[in-house]
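Student: All chains, please: the whole structure from these sequences, using the hints.
There are 2 protein chains.
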Amino acid sequence: MLVKIYVTFREGILDPQGKAVLHSLHTLGYKSVEDVRIGRYIELNINDTPEEEMDSKIREMCSKLLVNPIIEDFRYEVVR
Amino acid sequence: MLVKIYVTFREGILDPQGKAVLHSLHTLGYKSVEDVRIGRYIELNINDTPEEEMDSKIREMCSKLLVNPIIEDFRYEVVR
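For the record, the sequence lines run as chains A and B.
Add 4 to the 1-based position in the first sequence for the numbering used here, that's all there is to it.
Add 4 to the 1-based position in the second sequence for the numbering used here, that's all there is to it.
Treat the hints loosely; a few may be bogus.
As the list makes no split between identical chains, a pair holds if one copy fits it or if it spans any two.
Derived lysine-lysine pairs resembling DSS-like cross-links, with alpha carbons at most 30 Å apart [unchecked claim]: (1) LYS8 / LYS68; (2) LYS35 / LYS68; (3) LYS68 / LYS23; (4) LYS23 / LYS61; (5) LYS61 / LYS35; (6) LYS8 / LYS61; (7) LYS23 / LYS8; (8) LYS23 / LYS35.
Worth flagging that the hints you see were computed from the coordinates, not collected in a lab.
Tutor: See the structure below:
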């Protein structure tokens, strides 16, 4: 099964990389861009896990390793 | 308008960060994870751009700054 995880900074957390990219886009002339936020996109291939354990497994992996819950949020989808 | 851009390594390009995370997940006991790929997730807030120019603007920004087309692919969606 393919799991797609989207990790973003929480509301109110400063995103310096996003700010740098915003500045660069303005320098390149893309003034209509008002804000940039940069997060991570993680794809996991998982096998041999029963459908009903999938959610808890993914949440565990996120909280133990993939996501820093103090500054980051995540959402995910299971594709097939 | 909110634009969500997903940047991933091209097929066949080595993803060392993904390999490191895969190794860590195995160490933590998640042996059912077979592969990890890590990419970027970028959110742009764009105003004052006519709907019909949106696609070309986004592709321009990706090829000029946001994506390295030699090793990376991207897809995007315009949310509202």
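Student: At most 30 Å between alpha carbons: which applies to LYS68 and LYS23, within, between, both or neither?
Tutor: both (28 Å within a copy, 17 Å between copies)
Student: Using 30 Å as the alpha carbon limit, work out where LYS8 and LYS68 are close: within a copy, between copies, both or neither.
Tutor: Both: 17 Å inside a copy, 26 Å across copies.
Student: Tell me, please, which holds for LYS35 and LYS68 at an alpha-carbon limit of 30 Å: within, between, both or neither?
Tutor: For LYS35 and LYS68, only the inter-copy Cα distance (15 Å) is at most 30 Å; the intra-copy one is 39 Å.
Student: One pair to classify: LYS61 and LYS35, alpha carbons no more than 30 Å apart. Within, between, both, or neither?
Tutor: Close across copies (11 Å), not inside one copy (43 Å); limit 30 Å.
Student: Should LYS23 paired with LYS8 be assigned to within, between, both, or neither, using CA atoms and 30 Å as the limit?
Tutor: both (25 Å within a copy, 16 Å between copies)
Student: Checking an output row: LYS8 and LYS61, CA cutoff 30 Å. Within, between, both or neither?
Tutor: both (14 Å within a copy, 26 Å between copies)
Student: Please sort LYS23 with LYS61 into within, between, both or neither, judging by C-alpha distance up to 30 Å.
Tutor: Between copies only: 19 Å across chains, 34 Å inside a chain, cut-off 30 Å.
Student: Give the relationship of LYS23 and LYS35 under a CA distance limit of 30 Å: within one copy only, between copies only, both, or neither.
Tutor: within (14 Å within a copy, 38 Å between copies)
The structure shown violates none of the earlier numbered hints.
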